[in-house]
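Asks: Since the structure of chain A is provided, determine the placement of chain B on it from the hints.
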Amino acid sequence: MTSLEELAEKDRLPREIVAMRVAKELPDGAYVNLGIGIPTLVSSFVPEGRTVYYHSESGILNCGPIAEEGEEDIDLINAGGQYLQSVGGMSFFDSAEAFAMIRGGHVDVTVLGSHQVSATGDLANWMLPQRGVGNVGGAMDLAAGAAGVIVAMEHTDRQGNPKIVEECTFPLTGKGCAYLIVTDLAVIECDGKGLTLLEVAPGWTPEEVQQLTGAKLTISPDVKEFEL
Amino acid sequence: MPGPHLDATRMVRRAAQELFPGAVVAIGTGLPCYLPGEFPPGAGAWFLADSGVLGYRGLETDGAAVDAGGNAVALRPGGAFTGVVDVAGILRGGHTDIAILQPSQVAANGDFVHWTTESTQGLFAPGSAVDMAYGASKVVAVMPHTYPQGRKNIVTSCNLPVDGVGRIDIIITDAAVIKVGPAGLELMEIAPGWTTDDIVAITDAPLTISSGVKEMTFNVPTLEPPNKVYATAFEALADVPEGSVINVDGFAGPGGMAHYLMVGLRDVGVKGLQLISNTAGIARMSAFGAPNIIDHSILVENNQVAKATASYPVSPSASRASAFEEAYNRGESKLEVVPQGTLAERLRCGGAGVAAFYTPTGAGTLLAEGKETRTIDGKEYILETGLRADFCIIRGHKADTLGNVVYKGTSRNFNPVMATTAKITVVEVDEIVEPGELGPEEIVTPGLFVDRIVLRPPDFSAYL
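Chains A and B are the protein sequences, given in the same order.
For the first sequence, position 180 (counting from the first letter as 1) is numbered 180 according to the numbering used here, and the numbering increases by one without interruption.
For the second sequence, position 234 (counting from the first letter as 1) is numbered 234 according to the numbering used here, and the numbering increases by one without interruption.
Derived from the structure by calculation, the hints contain no laboratory data.
One or more hints might be untrue.
[Stated by the list, open to error] One-sided excerpt, in silico: chain B residues whose CB lies under 10 Å from chain A:
hint: 1; residue: G255
hint: 2; residue: T279
hint: 3; residue: S286
hint: 4; residue: P313
hint: 5; residue: P316
hint: 6; residue: L335
hint: 7; residue: P360
hint: 8; residue: A363
hint: 9; residue: T365
hint: 10; residue: K408
hint: 11; residue: G409
hint: 12; residue: S411
[Unchecked claim] Result set (EDC-like, lysine to aspartate or glutamate): computed pairs, CA atoms no more than 20 Å apart in a straight line:
hint: 13; chain 1: B; residue 1: K423; chain 2: B; residue 2: D97
hint: 14; chain 1: B; residue 1: K379; chain 2: A; residue 2: D191
hint: 15; chain 1: B; residue 1: K398; chain 2: B; residue 2: E441
hint: 16; chain 1: A; residue 1: K175; chain 2: B; residue 2: E380
hint: 17; chain 1: B; residue 1: K271; chain 2: B; residue 2: E235
hint: 18; chain 1: A; residue 1: K175; chain 2: B; residue 2: E369
hint: 19; chain 1: B; residue 1: K271; chain 2: B; residue 2: E332
hint: 20; chain 1: B; residue 1: K138; chain 2: B; residue 2: D169
hint: 21; chain 1: A; residue 1: K24; chain 2: A; residue 2: E154
hint: 22; chain 1: A; residue 1: K224; chain 2: A; residue 2: D11
hint: 23; chain 1: B; residue 1: K423; chain 2: B; residue 2: D86
hint: 24; chain 1: A; residue 1: K216; chain 2: A; residue 2: D157
hint: 25; chain 1: B; residue 1: K408; chain 2: A; residue 2: E97
hint: 26; chain 1: B; residue 1: K152; chain 2: B; residue 2: E186
hint: 27; chain 1: A; residue 1: K175; chain 2: B; residue 2: D377
hint: 28; chain 1: A; residue 1: K216; chain 2: A; residue 2: D191
hint: 29; chain 1: B; residue 1: K152; chain 2: B; residue 2: D204
hint: 30; chain 1: B; residue 1: K408; chain 2: A; residue 2: E72
hint: 31; chain 1: A; residue 1: K216; chain 2: A; residue 2: E166
hint: 32; chain 1: B; residue 1: K398; chain 2: A; residue 2: D75
hint: 33; chain 1: B; residue 1: K408; chain 2: A; residue 2: D75
hint: 34; chain 1: B; residue 1: K423; chain 2: B; residue 2: E242
hint: 35; chain 1: B; residue 1: K398; chain 2: A; residue 2: D73
hint: 36; chain 1: A; residue 1: K224; chain 2: A; residue 2: E207
hint: 37; chain 1: A; residue 1: K193; chain 2: B; residue 2: E380
hint: 38; chain 1: B; residue 1: K408; chain 2: A; residue 2: D73
hint: 39; chain 1: A; residue 1: K175; chain 2: B; residue 2: E372
hint: 40; chain 1: B; residue 1: K408; chain 2: A; residue 2: E71
For glycine and all other residues, C-beta sits at the position ideal for the given N, C-alpha and C.
For reference, chain B alone in the conformation it holds in the complex:
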């Protein structure tokens, strides 16, 4: 007789071993809901439930917060609330490292069925499982091996409509751990008291037995939160590669512009940069600024800017050309003009994993030339693509050490959307606080979007 089936706690503890410090982990309904509760409050992982809660502990009454399964949960310090659209963006935009789901069936090629059964066939119940499975870098299935009534849930091919094709990477059951690879399923671990033959007997799909097959363990890893705080702007940007695409926040004037990071980027001196920004540096020339204020011009004058993508690239007055306009006229920098709302939406979509969208803005104009157009309900739209970047420098008011950011007034502008689009997002703030000091409803940019935090020195001047 094989050993006992594992209980839910042991299953999720084994699943917890798939996490790493700083991981963003989407928690599906069912068994996965038990996982966050296995970690202490300060653990360095972001648990995300599609109910709109980020950074929580499992199954504790807090009153306001519920997870995807409708269970009451308590926020961890630094946890935040977000809307369902933002949750979908976090999932679709590639910001999720691991999704943990409870499918009802997984096939040898990683296809899965999420909770649909023969009796509920036709009434799909994917919830957010589809978004999670397609958005996360790694998808972990936590499920009973045979349930109910001994039904074999790991199958050669699914006999019900699937909710994801080839998406499952690893299956953790109440009896075994099975890896899904290109060659099929590989048995990696077995529960105490079970033999490999026992597992083969309860698995419909063919299994290869790993040469290193071992007994499952249930220790939960310690996840130290990664340090995001950098001492200086220069250090936070020292590894920006030549030719990088960089989002630079700011509307047009001194507010909401990361002056200290701009100086850091200038001092790093890396060339061939492609800036995505509302302006290409006009604060020195416009009503917004002052003649000697720091703006993109310091990068242009240092010959670092190969291209700007902007809505308001040049000075309002042709007679007072900005550094960028002069560089453009000399043929040193290229320019892509994008309507401001299209720029914001291209960034939003880029960050949320939406490849392209149709917008009425610019239809029939110079800026629509060469773009696909489509008439929908009698109105003309043009196709615009999402934007992504290598680095992003943004300006917040306060951040906690987890990277949660709040902004001040109209200085919010492009910051929150830009933060979602870059591989490395660096934020400059007036104050860095401990997790829990920013209210969860107040947090605008959840820390999972922020990689590096720099304090703007109190004696730093935004003027040259």
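Excised from the complex, chain A in its bound form:
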């Protein structure tokens, strides 16, 4: 078995590759909401030939690309505070409608970052207990409402602790909402009962990924290297 010290030194995938792997999951024509962090990067990597419509809880559908420097418009932002370009076919709406779209199941896929994900797909991404306060923003609505949540995050936290755990110890965002977890080490499917390891980062073995995972992984008989 590789020691944890050795694992900590091993190369992991950059955020862009994680985003690229997530982008592959977005179906043509899907309405997609991207959270802050790695999820924001996903929009740059949608495979050619596919059209995806981005929804943002700031009240815009069909978000354009990020605005060029010097072209920022304070009345045209996404939920992460990035300024957007104006594009044909975009529409604006108020917050109640933005969340009716989410809660009503009209947004097909949400990609969120997370502090922890459990073996049953519970998500904890809004509050670190030691701070005493947290920003829930739209995360709970997205977790409860979107047809499916893909989690995109680092496999371990800054101290090297697993972020994929048997049960979340941080305050929950939603229960059983994640169906896929893409990290800088692995692609893991979540069926609500348990986790199946589908893909591993180049140079990593399923056993090594399991060592850095706080929940039991079933290793798929077809487990393979990250497929972009």
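Replies: Frame of chain A, contents of chain B only:
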């Protein structure tokens, strides 16, 4: 022989005397449809038809607009179109001052039947009459006293299923005006040529004759539109009481935030405020803003904020705490964290008169603790209540002098829902225009939700 029965015009002209400047008036089907046409185009009243038209004149062909009776109507300058859900919200949310209906029967206690007859019993025809009757502050019945075939329509108690219990305040017929009070019906006015005995004879319910009973008149009042434009933010907020609940619009950054009104509120200096807002002031700390931008922090630093209700209350980074987080940690301010979509829906419901709703958001989390839960079709939901406020400060792009507002881009965010929830809604805009200059389909917040309008001075800076 009593005098002639009044025609429809005279009946609605008498009903028009119940209006006051700025009144929001819901117009039911039948006789009430004639009322808006009795007022000149610039009159200061908002006529509302459940077909989704706000601010219209009666019975004139315009092509696109119809009233609740399906009659073609023309918009007044500043009129707007809205959807049926918003119409229901305007009715249910207490934004309607007067509803004018034509019931088929009214009882001594104010119960009414809306158009159901013995022959149509079982096939109710309330339309929006129920929403109007329950939502409006005052309900006026305009109806024939005896019709058809001499049938007495003002009765001791309704003999048909009622559409509203005790909701009618005043009855205006083709022969009399009758007030509905706790002690029963009081005859206030009679039509020319009629005697009080004549009215008693055609009324099934017992009538008390008012000591001041007089003859009906038919002059239509002049309704001057109330002035909503205030010279400065300070003046528009000078009467905010201590401890007020205040909705503060904004998503997180400089867009859609009423910076000028915030400065006004700070200068008024009133304490103990409970803010309802998406953030509690993070624009100085986040990707949205800049270190010296005006946000809620100026109120926090002025010790004015006792509580914040927010979805994203604190800085994204714990190492760069916002003014609110510091005040919270010192125990000076309280905090209620609400998921963003729940916050928006709580505001929407508060403004639309819906007391509470079940949402899946937050089920099984810390934020569901202490809340009622219910499983519906196998899914867990939590009960959340509607939010109301004393004041609301919002940021529009343009407003007309009637208070109709349009927004720019994503700066719309919480503005339209917040505008519906407060007793006094104050809007800050870049430009104030005359009624008619904003397209009726373009108007997002109809002026009946807006009480005060302030122009953001062209030289105002959003930075400290």
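Asks: Decide, hint by hint, whether the structure agrees.
Replies: How the hints compare with the structure:
no.	hint	verdict
1	G255	holds (4 Å)
2	T279	holds (8 Å)
3	S286	holds (6 Å)
4	P313	holds (6 Å)
5	P316	holds (7 Å)
6	L335	holds (7 Å)
7	P360	holds (4 Å)
8	A363	holds (7 Å)
9	T365	holds (4 Å)
10	K408	holds (4 Å)
11	G409	holds (4 Å)
12	S411	holds (4 Å)
13	K423/B x D97/B	holds (13 Å)
14	K379/B x D191/A	holds (17 Å)
15	K398/B x E441/B	holds (14 Å)
16	K175/A x E380/B	holds (10 Å)
17	K271/B x E235/B	holds (17 Å)
18	K175/A x E369/B	holds (15 Å)
19	K271/B x E332/B	holds (12 Å)
20	K138/B x D169/B	holds (6 Å)
21	K24/A x E154/A	holds (18 Å)
22	K224/A x D11/A	holds (18 Å)
23	K423/B x D86/B	holds (18 Å)
24	K216/A x D157/A	holds (18 Å)
25	K408/B x E97/A	holds (16 Å)
26	K152/B x E186/B	holds (17 Å)
27	K175/A x D377/B	holds (17 Å)
28	K216/A x D191/A	holds (13 Å)
29	K152/B x D204/B	holds (6 Å)
30	K408/B x E72/A	holds (14 Å)
31	K216/A x E166/A	holds (7 Å)
32	K398/B x D75/A	holds (14 Å)
33	K408/B x D75/A	holds (6 Å)
34	K423/B x E242/B	holds (15 Å)
35	K398/B x D73/A	holds (17 Å)
36	K224/A x E207/A	holds (13 Å)
37	K193/A x E380/B	holds (18 Å)
38	K408/B x D73/A	holds (10 Å)
39	K175/A x E372/B	holds (18 Å)
40	K408/B x E71/A	holds (16 Å)
Checked against the numbered hints given earlier, this structure breaks none of them.
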